[in-house]
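Given the structure of chain X, go ahead and fit chain W onto it with the hints provided.
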Amino acid sequence: MQFLYNPYILPLVVSAVISFAVALYAWSRKNTPSAVALALLGLAIAEWSAGYALEIAGASFETKLLWGKLQYIGIATAPLFWLIFAFNHAHQGNRLNHQRMFLLALIPLITMALAFTTELHGWLWKEIGVSQHGDFSALKVSYGFWFWIHFAYSYLLLAVGAWIVLRSVGKMQGLYRGQTVALIVAVVSPWVANALYLSGNSPIPFLDITPFAFTLTVAGLAWGIFGFRLVDISPIARSQVVEAMRDGMIVLDMRGRVVDMNQAAGLIIGLPAAQAIGKPVEEILAPWPDLLTRFRAAADTTAEVTIGQGAAQRLYQVSIETMYDARQMPVGRVITGRALQATVPQPRFAAHETSTRPVSPADNNLRSEAPARAGWLEQALKFFVPPLLPNPKIPEGVNPLWFQALERAFTAMLRVAAVAGTLQLILIFFYRMFSPLTLVYAAVTLLLWWISLARSTSFTLRSDVILLLVYSLALLEIVNYGYSVEGFTFLLAFVVLAVLLRDLRGGVLAFLIALFTLGSFGWQISAGNYFLPNIFDEDNAAPANLQAAITSTLAFSAASLALIVVVVSLLRSVNMAWQKEIQALNLLQQERDLLEQRVIERTGALAEARDSAEKASDELRKYFLAIEQSGSSIVLTNLNGEIEYVNPRFEIVTGYTRQEALGQNPRLLKSGNQAPKFYVDLWNTISTGNIWQGEFNNRRKDGSLYWESATIAPVKAQSGAVTHYIAIKEDITAEKQLREDLQRKNEDLQVSQEEQQALAALLKIGMEPQPLNDLLPRLLDEILAVRWLGLEAKGGIFLADGENRRLILSAQRNLSPQIRGLCQQIAFGQCLCGRAAASREIFFTGNVDHQHEISYEGMADHGHYNVPILAGERVLGVMVFYLPVGSQPVARNLHFLQAAANSIGSILEKKNAETRLQESEIRFRQIVENASDLIYRTDALGHFTYANPTALRALGFEREDDVLGRHFLELALPEAQRALKRFYDHQFLAGKTTTYYEFPALSADGQMIWIGQNVRMVQENGNIIGFQAVARDITTLKQTRDALALSRDQALEASRFKSQLLAKISHELRTPLAGVIGYAELMEQAAFGPLNPEQQDAAENIVTSANYLNTMIGELLDQAQIESQSLQLRQAPFSPATLLEQVDAILRPLTKRKALTLTCNLAPDLPATLIGDVQRLQQLLINLAGNAVKFTTQGEIKIDIFRTDATRWGLRVADTGAGIPEEAQEYIFEPFRQVDNAITRNNRGTGLGLSITKQIVELMGGEILLNSQVGHGSIFTILLPLKEKENKS
Amino acid sequence: MTTLFALVIEDDPMLGKVYVTALKSIGFEAALDPDGDLYPKILETRIPNIIFLDLHLPYASGVEILKTLRATPGWSEIPIVVMTADIITAKQVEGQAQEVLIKPVSVMRIQRIAAQLAGVN
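Chains as they are written, first to last, in our numbering: chain X, 574 to 1862; chain W, 561 to 681.
Extracted from the complex, chain X is given alone in its bound form (with noise of 0.2 Å):
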């Protein structure tokens, strides 16, 4: 194959590449409906004017011929595509279904078919020739009967898709109606072109000016485009809004049709929206039949729905909405699901998957049934349609899914060309058609058979082989043909295999071998250096000369860039879209994590709510303990009148338990005794808004009467509705049964209105607060002023004197001074009072008789009445009034006066009782005032009713007035009322009758004092009224307290750095000490070499002085020890015998030197474990038996361990050595002494060893003592308790 360079192919070109760019750039926007179509009719376009191109420059008839053939790929399928781009683009969202594109591609794909065949039935073209006119040449043909239907076909669809946009642009606006005219005009523009080329009216008789008229069409589409961005805004929009939807969305007609679906709907019932679109709902749902019975007529609706079984099982939340045009009128239903917890989207492709296709029970059944029936026909598709391979080995940055998808077509294809080659040889064989190509052939099928089938092989290794293959063939070809069509073929093939297989670079690297291949050969043969061996035509070997090489080189590269570029673009776009989906799922990491973050943050925002609702329900349990403890009984209503609460007291009052009373209507009360229209006034008064007080007769649940105040208020919502009744009532029966009393008994003495008004006036004053004495007078005068009694303006009231049988004058009135004087004091029985006192009755007399003992000169004659005061039987004093001589007796002053006596007598009792509590209350209040405590009260809520002196002084006030009020929580230090509150509110709540607390105070002029009190609850009734608190200042104490803590920790401080320091000093005298004493023993033992015994003798000098320093460190250690009390004595469990054996070990050599008998006992009955600290008990025999060897000359050393009783046993050491004086033994424990003070070189030592014995022995609970006779020896005993092993059983 070969061309020359023509200028006319220059703006088919042009065309060409522009239509190429448009057709790329629709396609990256390929998610929206219509760009694929524009995408496929830009390529169609590209390939006529390509075509068309190289037909010109075709330099052979063949070649021109093949080129003409190819064009009708884009004749005939450009109008197709049109249509389908029109119809896409003016019915948005609507998109045609395959199976209709289908059918109309079918005349466009049998032009296709007919024109690569044309030269055997010659349908399409009849005649074919070449037509030259100067530079240009081109085919020349005459049309048979199909081109005619293809013509008219394309132009159908041309003229239907020019009329859908047409009809769409009415609907437009704005810039979508430029954007459809542009349209138009650039694709019906070719078209005009086109019929006047065939109508013989071309303006270049012999040019087809169609394809220049697409350059038209591109241009416009590119106007479009870049003017309008044609495919941009609409279709991305709804492609944003609608496909991206992780929602699936079905949109329904009103027949229930599937008009729109998106991509998520597609994969939750597992089928592509291509598919979906246009079936009846019923059809796409059939596998849910439970589904469509439930939603069949629903509209407007939520539910959540499970769709799918096993792994593939999802919950769905499916609504469903009605859509309305703009007239309101119902237009479809629009269906959304949301997967309620499946979180992984799965990617597009998966819609054909099995896997997340729902499973009925009938597929259960079928799948499980399918291996057993997999035949050879099963064997042979899976053979030729290969699974995808499971785990391949993923170039980096490509999409997994993609490779395996591309692996598996080159396997398949591979697996084809196999199966074929295999016939071929087959045939070959067959017709014994041998040649030396036959070997090729065979090794070839060979080779493709074990690339198709190693699959696990490297993918690069086998890519490799097949693409050496393909070039093998392309340079087969050339060498044989030249620019052959067959090598160019393979060469493109060559290339975009590599690009697809390997990579870009695959590609170039390829492309640029087949241009080095395609470029050498056609310089060489052009220039005559290489013979084709298969062509004897020097015409027409191929190429012809070096313009025609170069053009044709030219050709081939515009060609193998462009499908380089098809397919990186296709690459990438896959890429793009798996690496969109990565993104995709990150960001729905992210937002999982924000709401993660998100439930954290509010689940902390709601601890924080319920902890103040627990606060604010503390202060509501506060009010409510106050309204259960209140005295008064309280009643909660509905409006129906129905107990919705009542309190304790309410119990106590009527006596009906709070559940017999809930529910009930308060006229379970009713007594009966007060009239309905009492109850309707109330019920008046209340339903109204209004407040009602009044007092109530009612009956308790034991039948008895009591009467109630009560006051009845409507309680209100915020909204002002009434919503209840609430009712406080105070109990009082008592009060009502005096003054009914009261009545009754006047009623009996028959009393006249005037009386009761006299005696009322009594009762009111005897209601005064004021003084009985000052009281007495008024009433005195009060029944002086009541004309019709006919007294006199005179008379007097006696007081009884119960104990000493007398009365005592204690109000007058114009008593002549004698009586005064002589009446100050009178027995009971003496004079007229005295007998109305002893006889209790009322005395009358007329005139002064024998009975008016008390009399004095020139007293003037009258009468008198002597009324005793009675309380029951007791006299409580007596009234005497003056009456004119000779009066009588009246019955009804009488009847007055002893009403008046009672009454009198009732308000000296009340009075008697006030003065009995006050005299109480003073008696106390002065030993409170007195105390040297803090004493004050609070009520319940706190605050101070009461302060004493004591208190107020500690408080800093002055007056008691300045703390009455004020809440005792003031006082504290403010760092300390939290605290403080919390511990009382404690004591109110659990009901702690009693406790004692300690608080820093405040007081009033700012210092700081510590208080200790004790709180007591004051109750009554079961009610807590108040606190009372006896307190003390123990800001000394506590400060003592703290010094006393702090003198501790310092002294304990001091003691650790005492042992500190002494075990430094220990460390730094020892250390030093054991390198001279290991110094002159290594030179004893005569490891540097021997010693004369003079340096012998000094060396053992050095030991013996090194030791005695070590010991005295020791002692003055352990006295220092003592003295600081950081001595420590261990409690370990030792065994008497072990010890009772290391101290014979240590001591036998001393003994032994010294020529003296050592012997150890151990006593039978001593416990085998005993506990304590065994190095010290062997310090402590070691200093007494050291003691013993240096003070004894001769004779034995005796060691005993022993046990004394029961709880005690003992260490003994006796010698028979010089022993010590009587005088000596008081002093010898005391440290630094021994006897004599004498200090020799036979007996030198600290003088610490006794001391430091003693001392210990102590510390270890027991005591030393000393048994010793000059010239006899000493016996050292010490006695320690015993300290067994606690047995374990």
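Honestly, the hints are just simulated from the structure, not real lab data.
Just so you know, these numbers come straight off a predicted model, no measurement behind them.
One should not assume that every hint holds.
[Unchecked claim] To give a feel for the contact side, a few chain X residues facing chain W, derived at Cβ under 10 Å:
(1) Asp1578
(2) His1640
(3) Tyr1652
Even glycine gets a Cβ: it sits at the ideal position worked out from N, Cα and C.
The following block gives chain W in isolation, referenced to the frame of chain X:
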């Protein structure tokens, strides 16, 4: 390797020399770690039959060394004699070593203990 091997961990150079000499004189091979940081290397080359350990060391705490020795497999069985002049710390480690001796310690005592403990092993 029939000779017995003793490791002395002692920072006082005088005492270190005394102990090593004393041990050598009764037929031990003896190594000295003067700072308390060499002993792991010595232990890696040869496991001693006995270790004499001082508690006050410039670069390590004797108590820690004792713990390490007792906790390390392969070393935990080595008899250890603690020798210290610090009577307080000495009390704390009692029971963790075969012997706890208060300095000064008689050379003969060291020799006796070495023979006794190393001989047992």
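Here is what the structure says about each hint:
The beta carbon of X:Asp1578 comes no nearer than 53 Å to any beta carbon in chain W, farther than 10 Å, and the hint placing it at the interface is violated. Interface hint status for X:His1640: upheld, as the beta-carbon distance to the closest one in chain W is roughly 4 Å, under 10 Å. Given the 10 Å rule on beta carbons, the hint for X:Tyr1652 holds: about 6 Å separates it from the nearest Cβ of chain W.
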